[in-house]
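In order, the protein sequences belong to chains P and Y.
In terms of UniProt numbering, the first sequence has 222 at position 222, counting the first letter as 1, and numbering is strictly consecutive.
In terms of UniProt numbering, the second sequence has 249 at position 249, counting the first letter as 1, and numbering is strictly consecutive.
In short, the hints are calculated from the structure, not lab data.
Just so you know, not all the hints are guaranteed correct.
[Stated by the list, open to error] Here are the computed distance ranges between Cβ atoms for each label pair:
#, chain 1, residue 1, chain 2, residue 2, range
1, P, 297, Y, 56, 49 to 57 Å
2, Y, 247, P, 56, 26 to 34 Å
3, Y, 90, P, 59, 41 to 49 Å
4, Y, 234, P, 212, 55 to 63 Å
5, P, 62, Y, 90, 45 to 53 Å
[Said to hold, decoys possible] No more than 20 Å apart at the CA atoms, straight line, and that leaves these computed lysine to aspartate or glutamate pairs for DMTMM-like:
#, chain 1, residue 1, chain 2, residue 2
6, Y, 15, P, 78
7, Y, 13, P, 78
8, P, 108, P, 198
9, Y, 13, P, 198
10, P, 68, P, 78
11, Y, 13, P, 203
12, Y, 10, P, 78
13, P, 108, P, 18
14, Y, 15, P, 139
15, Y, 80, Y, 70
Beta carbons are placed, not taken as given, at the ideal position from N, Cα and C, and that holds for glycine.
Residues per chain, in single letters:
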Amino acid sequence: METVSKSSRRRARIYSAEARVAYICLIPAFLGLIFLTYVPLLSVLGISLTSWTGLAKPEFIGFDNYVKLFTTDPYIKDSIIATIYFALLSVAGSMIYSLFIAMLLNRKIPARGFFRAVFYVPYVLPAAAIYVGWSWLYEANFGFFNYLLSEIGLSKVLFIADSSYVVPSLSLISVWLAGNLIVIFLAGLQNVPSVYHEAAEMDGANGWQRFLHITLPCMSPIIFYNLLMSLIANLQVVTPALALTNGGPGNSSRFMTYLMYDQAFVNYKLGYACATTFIIFAILAAFTAVLFKTSNRWIFNEGGDDK
Amino acid sequence: MSVAAYGRLKSKKRKTRMANVITFVVILIFAALVIFPIWWIFRTSLMTNAEIYRYPPSFLPGDWLFSNYEKTLEVFKFWKYLWNTMIIIVPSCLAGTFTATLCGYAFARLRFRGKQFIWALCVGSMLLPAMVTLIPLYIGWTRGLGLQDSYLPLILPYFCGGGAFNIFLIRQFIVSIPRELDQAATIDGAGYFRILFSIIIPAIRPAMIVVALFIFIGLWNDLLQQMIYINSSDKFTIALGLTNFRGQLKQDWSLTMAATCMSFAPGVIFYLIGQRYFVEGITLTGMKN
């Protein structure tokens, strides 16, 4: 009896020593989670109910900011449309492009490491510099793309100065930047067991059938991961607007995060900007939720339990 | 083997060789397309303005004007900006990696009260987009703590676990290390910190390098936060300096492109040195989730 209680006391002591170490290790994360994540998250809600401009004391105005956003705000509708348009184009483009390149790189070709490096390079360049650099390629009179257009006999296009071209033009840059997706896809492809392909080939399946029935199902968890990551990243797009377009021309590239930046840090309407933040958050959450909800329908489980 | 079967095998072999040649050509074309914008920017940076506006444009600069770079450096204080950027990036990478490792270790190996709850908070915050907390954090740092025109609001968050995603990554990695190793060390009388430093950390070095790289890339690509926290031009980072420089010299494309190329350089050099880790790291995140 005594030994049992002794050993359990001993275990408790070890357990508490272990817990003490754990708590020490977790101090940084704990501070971060409280002060950098959850308190700010609640503050967004709180501030969004005030008319704070940063100067006077914040005044509680209930849901006025939200009402104003939905009824009289001149930008928010265009902003949401521009953001979703940009995100869908960029995500679709970069997913197709990166899966395609990854599949090519997965074949036996010489200098594979070199090519992988080439496709990855755009990703390591600082975003601000990328947009400045591309603005020259897109330049209205002497830019490279307009040279190409004139060579094939088309008239000039004001890529980033034309409200109907600016979003596709910026999306093309996003696709160009998708090198990290290629590397992830490539790693996934290398994990697809080659016996599947060999067996299917023996049964007479052609390349397209094998892609549809072997590659895609085996890759579905990785496709989901890339889809989720690039969707969240692209819906938060802000750098091209900051570095290049300032939301223009018109409101055609006034992306949601840029709108929030403009309200808070150019016009100092902090309360109003927090209401916008919350709406953006809701839109992002909706997209994420839809993606997760539909995922079990198309993600292939290796365990085989199809739900 | 019959002659017919041999012939079929041979034709199949020829077909795959043909397919490989086509693949190679297609890859080559795409690689050229990806590199082309960078080349175009570089070639512009070495040209006179007259040459830039010539039609048809030439793909190579006439006489490589490296003096453009000297001219650019008179206004675009590249070395200062690089130094400023490093002042932000180096402490952030070190602190972020270290604290993420501590937290990942606690979640992966230690038993304590409230673990599930804190872990849920951590994973939950991973899905929280960064822009949501931007304004309250700005108010907190500048109003609450009076940190105006300071690098600290950019650096200090990395002293707090380096982000949930990185903690998650480290935890997953530690979980995959066999527990027998720590048990053996415990029997030899090693404490928890001793185990962390002499067994866990050496084993998860690749994951730690990956975390450092992620923090690096994140800060390297950031413009929004640097814009709202830094005001004075002698504190500008590369991203801020370049954006500002472009505003000043809207029409001088060769100098703007020279500044752009300089801003490209550190990333490319860093990548060439650490390429193996970059690729391993990106691969790792895709697989571990």
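Checking one constraint from the list: CA of residue 13 of chain Y to CA of residue 203 of chain P, max 20 Å. Satisfied?
This hinted pair holds, its Cα atoms lying about 18 Å apart.
Residue 15 of chain Y paired with residue 78 of chain P [C-alpha distance capped at 20 Å]
violated, 52 Å
Hint consistency between residue 108 of chain P and residue 198 of chain P [alpha-carbon to alpha-carbon, up to 20 Å]
Between residue 108 of chain P and residue 198 of chain P the Cα gap is close to 16 Å, so the pair holds against 20 Å.
Sort out whether residue 18 of chain P lies within 20 Å of residue 108 of chain P, counting only the CA atoms.
violated, 51 Å
Could you see if the CB distance from residue 297 of chain P to residue 56 of chain Y stays within 49 to 57 Å?
Because 52 Å falls inside the window, the suggested range holds.
Can you tell me whether the CB distance of residue 247 of chain Y to residue 56 of chain P sits inside 26 to 34 Å?
holds, 32 Å
Okay, residue 90 of chain Y versus residue 59 of chain P on CB: inside 41 to 49 Å?
holds, 43 Å
When you check the alpha-carbon spacing of residue 13 of chain Y and residue 198 of chain P, does it fall within 20 Å?
holds, 14 Å
Check whether the Cα positions of residue 68 of chain P and residue 78 of chain P lie no farther apart than 20 Å.
Given pair residue 68 of chain P, residue 78 of chain P holds - Cα atoms ~15 Å apart, limit 20 Å.
Does residue 80 of chain Y pair with residue 70 of chain Y here, judged by a C-alpha cut-off of 20 Å?
holds, 15 Å
Pair hint residue 13 of chain Y and residue 78 of chain P, alpha-carbon separation not exceeding 20 Å:
Cα-Cα ~56 Å, so violated.
Could you see if the CB distance from residue 62 of chain P to residue 90 of chain Y stays within 45 to 53 Å?
Distance hint for residue 62 of chain P, residue 90 of chain Y holds at roughly 46 Å.
In this structure, the earlier hints numbered 6, 7, 12, 13 and 14 are contradicted, and the remaining ones agree with it.
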